[in-house]
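A.B. asks: As a plain string of letters, each chain reads:
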Amino acid sequence: MKKIYLIFGFLCAFAISARAQNLLKSDAVLNGFYALSMDRLLDTISAKAKIHIVYDKKLLQDIMVTDHYVNEHVKDVLDNICKANNLHYWVESSKTLYVIDKPSDLSRLKNMPFEQQSVKVTPAEPQIPVDRKQEIVPLSDTEKIPVAETKPARKNFSINGRVIDRATGESLPGAIVKLEYAAQTSITNADGYFTILQIPSDTCRLTINYVGYQQEIYPLSGLEAKTNVTIGLFQSIKLLNEVNVKGKKGDGVMNMDKRKISTLQLSPARLDELPNVGERDILRTFQLMPGVSGSNESSSGAYVRGGTPDQNLVLFDGFTVYQVDHLYGFFSAFNSNAVKDVTMYKGGFSPKFGGRLSSVTDIVGKEGNSKELNIGGDISLLSANVFAEKPINDKSTFIFAYRRSYEGPLYNKIFKKFNSTSESTTPQIGGNGQRPPGGGFGGGSGPTVTTPSSAFYDLNAKYNYAPDDKNRFSWSYYMGNDNLDNSQVITLPSFISGGGNISNTDKTTYGNIGSSVKWSRRWTPKLYSNTLVSYSSYHSDRDNSTKINITDADGTAREIGNGTFEKNRLKDLSLKSDWELQLSGKAKLLFGNFASAQDVSYEYSQNDTSKLIDQKTQALTAGLYGELELQPSDKLQIKPGLRANYYDQTGKLYYEPRLSASYLLTDRLTLKASTGKFYQFTNRVIREDILSGSRDFWVLSNGASIPVSSAKHFIAGFSYETPNFLIDIEGYYKILDNLSEYSQRQTGNRRTGIALEENFYTGSGTSKGVEFLLQKTRGKFTGWLSYTLAKATNNFEVYGGDFAANQDNRHEAKVVGMYRLGRWAFSATWIFATGKPYTAPLTSYTINNYSGTSQTFLTVSDKNAERLPSYHRLDASATYDFIKVDSRKVGSIGFSLFNVYNRTNIWYKQYSIVGNQVITSNVSYLGLTPNITLSLKLK
Amino acid sequence: MKKTDYIFIIFALILLIGCKKETEEISTYNKPVVEAYLIPGMPLQVKVYYQKYLQDTITYGYPVTGLKPRVLDGSGNSVALTETNSGVYTYSDPSFVKASGNYTLNFDLDGYQISAETTMPDKPKNFRVSSSQQQIPTMGLGSSSGTFTPVIFSWLNPSSAYYMISFQNIEAYPTTINSRVTSPALNVEVLAGQTSSYQTQQANFNYLGLHRVLLFHINKEYNDALKASGETSLSLNTPYTNVKNGLGIFTAMQADTLYLSVYR
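From first to last, the protein sequence lines stand for chains A and B. Going by full-length UniProt numbering, the first residue of the first sequence is number 1, and it counts up by one from there. Going by full-length UniProt numbering, the first residue of the second sequence is number 1, and it counts up by one from there.
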């Protein structure tokens with residue numbers, strides 16, 4: 001034990017001498033003559049420099065400090081008084097400082113109950129003050145240090161401000177700014193701006209809450225006539241014991257605002273503490289919440305409240321992303337290192353969003369560190385990930401992130417899930433399609449088989465430019481690509497026809513490129529606008545072909561080829577402008593317009609020459625919206641709105657009225673409800689047979705065979721909040737109309753030639769459910785219990801009326817627990833879901849076609865009449881912060897186990913006819929899969 | 001009781017009986033499987049099978065014997081088919097199936113009436129081929145000849161009707177193209193879809209020698225009933241049938257013929 005103390009002591013001493021001096025960053029200075037106890041002085045420094053100073057009051061209250069400072073930096077003051085009294089200080093973060101006598105004090109201070117710790121109180125004034133205005137030196141141009149005063153200097157005024165991350169300067173959108181003991185609340189907009197009107201007196205304080213950050217209390221006094229403030233928040237410090245401060249917002253990985261209905265907010269900063277399969281996954285994390293199905297391993301897309309992933313609008317920095325996942329759906333396409341904030345609206349969303357039936361996932365990319373260069377990266381068994389962020393000058397920042405998979409064991413495991421079975425069903429060249437490649441060439445040295453590499457990668461880049469207080473420009477770029485290659489090249493030994501090769505191409509490439517340029521402007525403190533031009537392009541290609549190159553004895557090379565080729569392109573050029581006008585303290589108007597031109601093409605060709613399908617559609621969608629945020633009383637909040645769309649393919653106008661409201665029944669109990677109508681013009685087609693061809697592609701509604709689908713949402717619920725817990729219950733009912741099912745069936749095979757058939761089916765559906773959430777929001781142990789009781793029914797005439805929708809799950813329960821112990825963070829998630837419905841074969845029969853070839857068919861049960869066994873899975877992870885000199889860790893290693901008890905969850909059933917018998921085999925999801933992630937960053 | 005009450009009771013009874021009749025649908029397990037292709041100038045043959053259990057290893061289902069099927073043509077002639085083999089019912093007069101008209105099959109099984117209806121499509125028009133010879137390149141070992149050059153068959157299809165092509169080797173002693181495959185099928189059938197031309201592929205031919213190439217103008221029902229069904233629970237669909245209370249296919253088709261010599 002002594003040894004450990006020694007080592008620890010040595011480490012601390014080393015760290016103190018090596019690191020502490022570097023980390024204390026404050027330009028605050030002291031001026032004037034001070035004669036006071038050391039604890040009072042530290043409190044003063046704490047208030048002036050905005051540093052949280054932790055010390056043992058008993059130790060320091062007897063030490064007197066008497067000195068005269070003239071523009072003395074607080075760092076120098078600290079250095080001097082510590083040196084004079086044989087003390088040390090230890091900077092835990094750039095804004096938390098411990099004053100210690102010996103190294104072991106550090107852990108004692110950290111574990112000390114909050115009440116006994118020193119906290120900043122009213123700072124002492126110098127006995128002989130110098131000019132007070134000079135004394136307060138700003139941290140930066142915009143950050144002002146508020147100093148508490150007692151007499152109100154101003155009454156009935158308004159305040160504008162911006163909420164940022166104090167360490168990186170990133171703006172924080174969606175932070176809740178509340179005037180203490182009053183009704184006024186504002187939520188920061190996309191650039192972190194807020195406005196609060198009619199503040200009764202400057203003795204009031206603002207409390208600012210944001211997911212994953214410490215709560216900030218901001219006194220409004222001493223601001224002089226300034227009404228423009230910048231408030232910096234600190235990231236939650238995990239090492240410190242959590243202390244319960246009344247009214248403090250939880251700092252969990254997932255948060256809910258009790259006044260917003262059906263809204264989930266995720267903090268990517270805390271994402272690494274949850275178990276993962278290979279990658280920290282922002283979209284998968286939502287699958288742990290009620291109402292978002294968690295049993296679809298093969299889809300990172302969100303099945304929200306009985307909806308399908310294509311009914312979920314995914315926006316990244318304002319542009320629509322059409323391909324949201326990598327590697328057949330196992331990983332979401334967004335790099336968590338480049339993401340600042342993700343909000344999911346599960347239904348009844350604002351008229352600001354449209355074009356989808358079910359939900360909205362709004363992802364905001366990081367702006368880049370505006371204070372200092374930061375470089376970091378992760379490496380896991382699946383991929384490697386690097387990012388760099390840097391202030392270019394005092395007005396602009398840049399961030400870049402790149403992620404690429406490599407063919408490690410994890411990648412191959414998932415890749416094979418999709419490709420091992422297809423090998424046997426892909427007809428091979430030579431013979432009758434029964435022979436696997438490589439077989440039958442017999443004798444001597446066999447043919448050599450080589451398979452090319454396949455990978456996915458994505459890239460994010462963002463440049464921000466804020467020329468002045470009022471304007472902000474940003475350019476964001478995203479590119480994600482999957483190159484899934486299951487091709488094989490079989491090199492023939494030279495004794496066969498002088499050598500040559502058979503290349504069997506089976507290549508799927510898909511991805512999305514998107515870019516947006518945004519201009520935000522604060523016209524007046526009450527009027528704010530956000531204008532965005534964006535481009536998004538989706539591509540999906542599939543090449544399934546065979547080429548035979550043979551060099552014969554006389555050296556003549558020949559090439560024989562055939563196969564099928566698919567090509568889907570979607571281009572989307574959009575323009576939108578969103579405006580916010582604060583009408584009064586009780587009313588805010590949101591309005592804007594949008595226009596988007598989409599161009600979709602789909603080609604299916606055979607042998608490069610004959611095009612079986614060649615579709616091209618162009619559509620223009622344009623419209624405007626308006627929403628009023630009213631707060632007629634302290635308790636009631638009501639938001640009526642309307643969105644109007646014009647869709648040129650049908651030439652019709654579509655009106656979408658929306659309404660949401662919340663009512664604070666008591667301090668803890670909030671009632672909420674929302675309703676609305678939603679239209680969708682773009683549909684994603686899912687191929688019936690996942691093993692053939694690209695799995696999905698996008699088509700546009702044309703008003704005829706693919707009608708414009710619509711939905712009505714009715715949502716009501718309540719939330720009950722205690723200091724440590726949040727209970728949220730919501731019920732929903734959705735009516736869906738004009739749902740399209742487009743199926744494409746290939747008839748024949750490569751041997752006899754392929755014909756393609758397109759079927760368009762139209763139907764309707766309903767989806768209803770109740771969601772329960774019990775969340776523990778604070779403490780060492782956080783997490784939640786969630787349960788969803790739901791039913792999703794579709795009605796398609798072609799399938800004989802009502803049937804359970806493919807995504808129907810009656811019960812779904814999720815348990816998420818996260819526990820912190822020192823530098824360790826443990827977490828476990830458990831998911832249980834009723835099995836998905838499926839259609840089963842009942843009997844078989846065989847008939848001959850006209851030419852005498854027998855064909856066997858399966859008669860099937862009613863559509864989706866059977867259920868797969870229940871799905872359940874436990875994931876666990878442990879993260880250790882091995883380098884941690886800051887409140888943010890700079891080095892951590894995470895161990896993750898997916899499907900801990902190796903449950904065989906069935907994905908789908910495969911039927912094959914072997915010797916006239918129908919053999920059913922289960923294709924299952926991933927079994928026990930371990931992963932290790934190593935993360936490092938400079939800051 | 002008032003008069004209206006009686007009327008109400010009678011009305012309710014009619015409704016009840018009516019409802020009962022409608023729900024009297026044959027269960028999926030009991031549906032017989034029908035296979036019949038009506039070609040002008042050919043004797044009419046209808047095969048009827050039982051379905052198979054999923055575990056069954058037999059190729060075809062057991063034949064359904066002892067039926068009394070009748071076929072009615074569009075002009076009111078109804079003929080009775082006779083069972084010439086177990087489950088095979090024939091009407092041997094080749095003049096019964098004509099180049100046009102409707103045909104309806106009817107028979108009773110376990111108290112249920114099974115029926116199917118089809119219309120004879122027109123004979124294909126302007127069926128042509130780009131060459132009367134199809135060369136097959138030598139594969140693999142040793143010397144070579146050229147690449148596979150497809151022969152193009154074309155026909156008129158202004159109404160986007162469905163077509164099927166059957167390549168039939170008519171040599172007395174045919175030579176297989178690929179010696180590694182033992183006794184491949186003599187006939188190869190291709191569902192050409194709603195096109196008006198077809199390019200041959202090497203895989204269309206298993207044997208060398210003279211081939212009869214039949215271009216059938218088919219009904220959509222043939223195309224739908226014989227296309228492959230899905231293989232996984234994600235893609236399973238009820239196979240199409242035009243047989244009421246049954247499964248399988250009862251369809252008429254009409255062909256035009258060309259000949260193609262396949263050589264190496």
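Think of the hints as simulated: they come from the structure by calculation, not from any bench. It should be emphasised that the depicted structure is a prediction, and the values quoted were computed from it without experimental measurement. Treat the hints with care, since some could be wrong.
Claimed, not checked - Short derived list, chain A residues pointing at chain B, Cβ under 7 Å:
no., residue
1, N471
2, L573
3, S577
4, T839
5, S844
6, Y850
7, G915
8, N916
9, V918
A virtual CB, placed ideally from N, CA and C, is assigned to each residue, including glycine.
A.B. asks: Just to be careful: measuring from the Cβ of N471 (chain A) to every Cβ in chain B, is the smallest value less than 7 Å?
C.D. replies: 51 Å, violated
A.B. asks: Should the interface hint for G915 (chain A) be scored as holding, given a Cβ-Cβ cut-off of 7 Å against chain B?
C.D. replies: Hint on G915 (chain A): holds, closest Cβ of chain B at ~6 Å, below 7 Å.
A.B. asks: Checking hints one by one. Is L573 (chain A) an interface residue toward chain B, by the C-beta closer than 7 Å rule?
C.D. replies: 34 Å, violated
A.B. asks: Against chain B, with CB atoms and a cut of 7 Å, does the hint on S844 (chain A) hold up?
C.D. replies: 5 Å, holds
A.B. asks: Does the interface hint hold: is S577 (chain A) within less than 7 Å of chain B, judged Cβ to Cβ?
C.D. replies: 42 Å, violated
A.B. asks: Identify whether the interface hint at Y850 (chain A) stands, where standing means a beta carbon of chain B within less than 7 Å of its own.
C.D. replies: Since the shortest Cβ distance to chain B is 5 Å, the answer is holds.
A.B. asks: Quick one, is the N916 (chain A) hint okay against chain B at 7 Å, beta carbons?
C.D. replies: 5 Å, holds
A.B. asks: The hint names V918 (chain A) as touching chain B; please verify it with the least Cβ-Cβ distance against 7 Å.
C.D. replies: 4 Å, holds
A.B. asks: Is the hint on T839 (chain A) kept, meaning its closest Cβ partner in chain B is under 7 Å away?
C.D. replies: Holds, about 5 Å.
Consistency note: the structure conflicts with the earlier hints numbered 1, 2, 3.
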